[in-house]
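Quick note, the sequences are listed as chains A and B, same order.
Here the first sequence is numbered in the numbering used here, starting from 1 and rising by one per residue.
Here the second sequence is numbered in the numbering used here, starting from 403 and rising by one per residue.
Source of the hints: derived by calculation from the structure; they are not laboratory data.
It is possible that part of the hints are untrue.
[Unchecked claim] Covered stretches of chain B, going by a simulated chain A footprint (3 or more residues, C-beta under 8 Å):
1) 515 to 528
2) 533 to 539
3) 547 to 557
Every residue, glycine too, gets a C-beta built ideally from N, C-alpha and C.
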Amino acid sequence: MADTHSVIGTKNKKGQTFTDTWKMMNEAPRTPSFYTGSEVIKEALRRASCDVMIAYPITPQSEAAALIGELFAEGYIGDYFRGESEFAVMSQCAGAAFGGARVFTTTAGPGTMRAMENFPMWSGARLPIQMIVTCRGINSPLSIQPDTLEIAYLLNTGMLVWHAETAQDFFDWILMGYMVSEEPDVHLPLALCCDGFFVTHTKDVVNLTPADMCLPPYDPYRSPVPCMDMECPPVRMMRDPFVMKSNYISYATHASWQQEVWAAVERSRKHTIKWLNGLIETENTDAEVIIVASGTAVSQGREAIRLLEDEGIRCGLVKVKVLRPWPGEEIREATKNAKHIIVPEFNVTGWLAKEIKATIPNSERVHAGPRVCGGMTMPPEIIVSEIKTLLGMTTVSMATRG
Amino acid sequence: MGICLPNPGEAHINGVIVPEEKAYEEAAKQFLMAKVPTIFPGPLVLWAWNEKAAKKATAVRHLYNTLKECVQPGQTPMLIPMPDYRPKYPKINPEVEINPNHPNLTIWHNKIDCCMFIGVHCHQANLALKIIRGGTSCYTIAMCAQAGHEDAMLSFRDASVEKIMKLAEWVKKLKGTVKPRLTSAKSGASN
Numbered sequence: 001m002a003d004t005h006s007v008i009g010t011k012n013k014k015g016q017t018f019t020d021t022w023k024m025m026n027e028a029p030r031t032p033s034f035y036t037g038s039e040v041i042k043e044a045l046r047r048a049s050c051d052v053m054i055a056y057p058i059t060p061q062s063e064a065a066a067l068i069g070e071l072f073a074e075g076y077i078g079d080y081f082r083g084e085s086e087f088a089v090m091s092q093c094a095g096a097a098f099g100g101a102r103v104f105t106t107t108a109g110p111g112t113m114r115a116m117e118n119f120p121m122w123s124g125a126r127l128p129i130q131m132i133v134t135c136r137g138i139n140s141p142l143s144i145q146p147d148t149l150e151i152a153y154l155l156n157t158g159m160l161v162w163h164a165e166t167a168q169d170f171f172d173w174i175l176m177g178y179m180v181s182e183e184p185d186v187h188l189p190l191a192l193c194c195d196g197f198f199v200t201h202t203k204d205v206v207n208l209t210p211a212d213m214c215l216p217p218y219d220p221y222r223s224p225v226p227c228m229d230m231e232c233p234p235v236r237m238m239r240d241p242f243v244m245k246s247n248y249i250s251y252a253t254h255a256s257w258q259q260e261v262w263a264a265v266e267r268s269r270k271h272t273i274k275w276l277n278g279l280i281e282t283e284n285t286d287a288e289v290i291i292v293a294s295g296t297a298v299s300q301g302r303e304a305i306r307l308l309e310d311e312g313i314r315c316g317l318v319k320v321k322v323l324r325p326w327p328g329e330e331i332r333e334a335t336k337n338a339k340h341i342i343v344p345e346f347n348v349t350g351w352l353a354k355e356i357k358a359t360i361p362n363s364e365r366v367h368a369g370p371r372v373c374g375g376m377t378m379p380p381e382i383i384v385s386e387i388k389t390l391l392g393m394t395t396v397s398m399a400t401r402g
Numbered sequence: 403m404g405i406c407l408p409n410p411g412e413a414h415i416n417g418v419i420v421p422e423e424k425a426y427e428e429a430a431k432q433f434l435m436a437k438v439p440t441i442f443p444g445p446l447v448l449w450a451w452n453e454k455a456a457k458k459a460t461a462v463r464h465l466y467n468t469l470k471e472c473v474q475p476g477q478t479p480m481l482i483p484m485p486d487y488r489p490k491y492p493k494i495n496p497e498v499e500i501n502p503n504h505p506n507l508t509i510w511h512n513k514i515d516c517c518m519f520i521g522v523h524c525h526q527a528n529l530a531l532k533i534i535r536g537g538t539s540c541y542t543i544a545m546c547a548q549a550g551h552e553d554a555m556l557s558f559r560d561a562s563v564e565k566i567m568k569l570a571e572w573v574k575k576l577k578g579t580v581k582p583r584l585t586s587a588k589s590g591a592s593n
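The task is simple: from the sequences and hints, build the whole structure.
What follows is the structure in structure tokens.
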């Protein structure tokens, strides 16, 4: 039986040393580097011992996908090709993962929506594929601008869903993500989301682990399901009768199967807390006003808090890092003292506010906004204005910002 | 959902994390109390796909033989394989195999009131354990080679030849000290 521990300390064909991931992420020296989010994805993949990356162009992930093509040319990725469409890409990812490969892909907006049928299939088949989602508008008329609505559709697929705020989050979470999703009691796909352009196309200082260290390879023998081979192809599970029968046994099997996928999401909680140091991060949770946000709305919230401090208004912050598994208990605890819970979001429906309302007692405390969408930016002054209005204070009109 | 799985060196009994040693004792007791204590070996130990699997299979056979030696008259230990995971239609033969998609049929048919899964891929074991838990009153034990199973009433993790042999030792140690449930009204398994 394969044993990944046995390769620790040995080198791959590029001369990188397979390194204990905990040491690599927490103890190895870091080098500050000035990169775009897309470049950071490439640098994370350089260290990820990834077997297969499958690409398809769609803004704003195209640059990252192309950069990973360069990694393939350099010899860091086992295989790399362009699919015929996003649907094809996600199906091909499934094929590669069924075969026992560590798989990576990137998508965005309408691409995510087009491929949607595959995501519950990935979860049901227990495939630990990692998919970067650089969120953008999904609506007609066409929009390529930042908008996080597509995350709402991913929340019930059975995938793990994380929402990165910064390029640093991205770098660390890509590598840690494999460690969580490949645990045998989890073994689920991970949708690692960020707000397109804001993270992918802006430069930031990111502390990188040494380029000569890489993750231990994926060990398919720890999978909770058999790898595909020609004697036991997964299609037998689809073709054979239990999905086709209308009887109690068929329904019970399906129910048990779905429960097991969501139990695996729950089991990821323990591992995610270990690697990400909690599902949420908090500041000043004793304040009466708390901003709860995910993605770059967190950054805007931080700026709003700074502006409010200048006016003597104290405000706390909850950064929601992980959406699945949902950090309900953590959010309840962090907001227990709050009289007002502000949830700024980059989408029209306010899916995060809905989740929070369904989680905490006295949900009338939740103010589902401010919300921007379609590519609109969210100046921190808007958050400040809404908070001051909630507190019964006069605010300056934002109408003349242009 | 919601049960935390044990860390290395631990096990769980009814969702409560315990030292592994306590789980050996409880598992052995459950085997010796049962009218039809049964081991369900899965593909990972049924097929000699590597040396370790072959050794585990030998250990499983040893555990079964130990059970047979240690039970009292009226108790019927069984060894029923789960050779693969494909649903068996039109009808499974519950006397000779168990299947993760309808494991309750095998439990019901043989009136199994205590079972142990070993060598079954975790996803398939969890499917079976959920259905058994939902449709029978059979006591379930998982000897899992990975992280353990919250759907079993008692679960080991990191199963090895040594752990299987140790469980056999505990069965031997408790021989004659546990009163079998031979007179229970429903004989354990129910439908």
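Against the structure, the hints come out as follows:
With 5 residues carrying a beta carbon less than 8 Å from a beta carbon of chain A, the stretch 515 to 528 of chain B meets the three-residue requirement, and the given coverage holds. Coverage of a stretch by a chain is defined here by at least three residues with a beta carbon nearer than 8 Å to that chain's beta carbons; for the stretch 533 to 539 of chain B and chain A the count is 3, and the condition holds. Here's how the stretch 547 to 557 of chain B fares: 5 of its residues keep a CB closer than 8 Å to some CB of chain A, so the rule of at least three is met and the hint holds.
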